[in-house]
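Turn these sequences into a full structure, and let the hints guide you.
Each chain, written out:
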Amino acid sequence: MSALLLALLLGAAVVQTPEATPVVVGSKPFGESYVLAEMFAQLLEARGIRVQRRLGLGATEIAFGALRSGAADVYPEYTGTGLLAILGERPAADPAEVYDRVSREFRRRWGMRWLPPLGFENTYAVAVRRGTADSLGLRSLSDLARVGARLRAGLTPDFIGRPDGLPGLQGAYGLRFAGVRALLPAVKYQALAAGEVDVIDGYSTDGFIARYDLVVLRDDRRFFPPYEAAALIGRRLAEHRPDAVAALTELGGRLDVETMRRLNRRLEVDGEPIPRVAREALVELGLLGGTIETARSASRRQGVWQYMWEQRRTLASLTARHLLLVLISLGAAVAVAVPVGLGLERLPGGAEGVIRGAGVLQTLPGIALLAFMIPLLGIGVVPALVALFLYSLYPILRNTYSGVRDAAPEAVAAGRALGMTPRQILRWVRLPLAAPVIMAGIRTAAVINVGTATLAAFIGAGGLGDPIAAGLALSDSRMILSGALPAALLALLVDGVLGWCERWVRPGGG
Amino acid sequence: MHGHAPLARGDGRVLFLPMSQSRPAALEAVAVAKRFGPVTALDGVSLEIAAGECVALIGESGSGKTTLLRCFNRLTHPDQGQVLVGGADVARGDPVLLRRTIGYVPQEGGLLPHWRVLRNVALVPWLRGEPDGEAKASAALRLVGLEPEAFARRWPRDLSGGQRQRVAVARALALRPEVVLLDEPFGALDAITRADLQSTFLAVRRELGFTAVLVTHDIAEAFLLADRVAVLREGRLEQIDSPERLRTAPGTPYVAELLRRARVA
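Quick mapping for you: the protein sequence lines, in order, are chains X and U.
Numbered according to numbering that gives the first Met the number 0, the first sequence spans residues 0 to 509.
Numbered according to numbering that gives the first Met the number 0, the second sequence spans residues 0 to 264.
Hints were generated in silico from the structure; no laboratory data involved.
None of the values given here were measured: they were computed from a predicted structure.
Every residue gets a Cβ at the ideal spot worked out from N, C-alpha and C, and that includes glycine.
Among these hints, one or two may not hold up.
Claimed, not checked - Which bits of chain U does chain X cover? Going by a derived footprint, with three or more residues having C-beta under 8 angstroms, they are:
no. : region
1   : 38-44
2   : 84-98
As the list claims (entries may be wrong) - Residues from chain X that face chain U, not an exhaustive set, calculated with beta carbons under 10 angstroms:
no. : residue
3   : S139
4   : G352
5   : V353
6   : E409
7   : A412
8   : G414
9   : R415
10  : A416
11  : G418
12  : L425
13  : W427
14  : P431
15  : L432
Put into structure tokens, the structure is as follows:
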């Protein structure tokens, strides 16, 4: 098992020539990012370039971290995010100014390039029903400010609080509402459509805007910072792969906000598969040959079982990969934590410190641990294994140490008095008597590990986290369940198998 | 070396020496002192135990009786003084090898709960690489009144408290050691079971003739099992004598009071 881990580590370290290595396309874990990345990938493939997909990478820090470390070559990013979240600078109103600023700074600092914007912004948006817009003559936020006192707003709690949300909007436009209700994103659109509220916030490319035929009011005073979408490419691609850069540049300026909303709607509302939506978008843009299917199955209406049955091959390979991640990291953790825990019994002074150290690792949020590891290990299987390994240490270490320390003190004392060496006492008394406690630690670690391994999807290591991350992004509960149910079964299975193994290590025949 | 002049103290001990007077004592402590932090456990204790003799160590909690016992197989290392077993200074040798030559019976049996009875009894033969450990273990079981056919394959948890202590005694005797140390071996048993084990112990010792040191808080037990009884008080040896002489001629008011309260005087 450790040999396999070593092989994986070595495999990751093998140096390859630029032409031979595939272009690694990443995305963040939300629908629009998935579909744009899939369009990048299909376009590159259509131009004869090998592609490796690492979709659904954690969040900005992880996707950007992957690009900076060279673990990914390209992912869709927004200029406003680059300016505010990555560079940490103050917002600017002019889209061209923001694009110039991020282009210059990203190239100077990291050798990255922002390809020409795709043609749409995904920024904050304020939307009303078409009927409301027509009867009140609303086209812009300035129009809304005139009649706002007669309208009820339903806004996400986040938007109500942020300075660049409602408070800023009130300052910039003098906007007032008859009432403001806090609504979660999941119910906001239905509430507006049902007439419970008249105005909501959202993102300008939300598929639901198209689904409910809403009117997005123009930000005529340019209050919201510009968030132009573009392909952000890493140093390796920028310097060595002009073919890939040229292919990706073909998308520049080709996607307007209406088109993006339509694609998001097919993805998020209609539940169409990402590869099909991406392919047909490229065909419509004339960037890809082929035809567009007319007869589409209304796949979102399938039950979860039917969906899982259709996806069984994919799910089986994801489950196998998940299991492999768990077994390798757990095996390595057992190989390290059990001997260390046994050794700690010999040095009780330092034991608590070491175990608490492992405990601190346990308290780190999974995503944070993964994000920390990107500069060291990049993305993919290796950092996922290391993170899962670290998460598994504590329960095994704690139980091993406590188990051998507290094992039958009278038996230990008698063994010593009759001439057993400390080593013999460990081997023949403490270890066998502690075995059930150690096994309990391993089982705890295994169950935690199966659950935590779903996070591996966020750094491109695959496994059952993939459908969970994608399902969360697309608010597709069926897709989430198709990952979560096998993961839960896997946890039960692993625990059951280890429980069965426990009978063999239980001292004194049970 | 020490131990060549057992008569030097003139306390009548020589009457109880069955062996030749020129032979070194089986066990000897010379001015042994031991502190545990601020607590003085032993404060210069000297005593000699002849081969084949059984000496009981009695005294209140904290009197140092268990500490003294543990010095003989080097579970405790004295700060000062010397401990000799068979005339050899125990500090010079390997404590692990020493312990394998000395039988030991702890209070709570201390059987390895994951080993069957026979394997427990064969522990020391196994540690010493003896070829026929199981045969020796079976013989030892028989010696303490447990039929190997009925008990060898049983788990310690399936035995009664008295049976467990019998197994512990058998384990200590498996290789017929010349010296056996017993740390309150029957203290946790009910009165009837204790009496049974006491008679077994007397019978076995009569048969094998080993030297024994017995720590007990039960003065009646000490008087029943031991040739001589050593009274310890605050780390010092108050008196060591035969039960008969302790009864008739207690050396100090403390000893007299101790015996009076135990109703053996």
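Exercise for the section: If any of the earlier hints don't hold here, list their numbers in rising order. Expected result: Violated: hints 1, 3, 4, 5, 12.
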